[in-house]
Amino acid sequence: DTAVSQTPKYLVTQMGNDKSIKCEQNLGHDTMYWYKQDSKKFLKIMFSYNNKELIINETVPNRFSPKSPDKAHLNLHINSLELGDSAVYFCASSQDWGGTDTQYFGPGTRLTVL
Amino acid sequence: KQEVTQIPAALSVPEGENLVLNCSFTDSAIYNLQWFRQDPGKGLTSLLLIQSSQREQTSGRLNASLDKSSGRSTLYIAASQPGDSATYLCAVCFGGGTSYGKLTFGQGTILTVHP
Chain A
25 DTAVSQTPKY LVTQMGNDKS IKCEQNLGHD TMYWYKQDSK KFLKIMFSYN
75 NKELIINETV PNRFSPKSPD KAHLNLHINS LELGDSAVYF CASSQDWGGT
125 DTQYFGPGTR LTVL
Chain B
12 KQEVTQIPAA LSVPEGENLV LNCSFTDSAI YNLQWFRQDP GKGLTSLLLI
62 QSSQREQTSG RLNASLDKSS GRSTLYIAAS QPGDSATYLC AVCFGGGTSY
112 GKLTFGQGTI LTVHP
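Residue numbers (the numbering used here), protein chains in the order written: chain A, 25 to 138; chain B, 12 to 126.
The hints are simulated quantities; they were obtained by calculation from the structure and are not laboratory data. Just so you know, even glycine gets a beta-carbon here, dropped at the ideal spot from N, CA and C. Among the hints, erroneous ones may be present.
Ranges of calculated distance between the beta carbons of each label pair, as one might list FRET restraints [what the hints assert, rightly or not]:
1) B/Arg-83 <-> A/Gly-40: 29 to 37 Å
2) A/Thr-37 <-> B/Asp-78: 42 to 50 Å
3) B/Arg-72 <-> A/Arg-134: 44 to 52 Å
4) A/Thr-37 <-> B/Glu-67: 39 to 47 Å
5) B/Glu-26 <-> A/Ser-104: 29 to 37 Å
6) A/Asp-94 <-> B/Asn-33: 36 to 44 Å
7) B/Gln-62 <-> A/Thr-37: 37 to 45 Å
8) A/Asp-62 <-> B/Ser-39: 37 to 45 Å
9) B/Gly-27 <-> A/Pro-32: 25 to 33 Å
10) B/Lys-53 <-> A/Lys-91: 43 to 51 Å
11) B/Gln-65 <-> A/Lys-76: 17 to 25 Å
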């Protein structure tokens, strides 16, 4: 059983388009995250939600809008895609947001903006 | 600024060698430190989590140590195997209100174990 799943795995699109990436976890965790891994493989947090509430919002352009319909899902919607948005986006989850728990990562979504 | 640095950036060793990967961080006020493994084109797999009150954690051939005062952690891999080849990432959950709950990653060490 997949603990943290993301769809799609690959996403190729044109500049200016709007796209969404979905994430689901079946671990019963309260906290979910979105990370971005750039071309240099550097991973950086974007957002964190706890019980559907936004708790971390790193300096991310407002073209990125996360949405958590329930504790098990955290989707990422990106408006007006730019070349610089090309990266691998990882979803993760942990039991709590207190910083003491292991984070479990999804397989990633490779976004390519042409 | 809270940063995590990993040395070396890449390491190539023959099978069977014991090896050490290094991680340093700029602020000793941390909640925990995690070591992850990332295989090409795949997600991250958590290897070891060390809480701030702990000095080390062990899992199989892996041992991770934590020295908060010097801002360092090491990941020791015993009797390396070709299947250990991957990128190893160190991530720190720093203390402080704006850092609470978020991981700051190093840039990783690419490990190649050749037969």
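Tell me, in ascending order, the numbers of any earlier hints that this structure violates. Hints 1, 3, 5, 8, 9, 10, 11 contradicted; others consistent.
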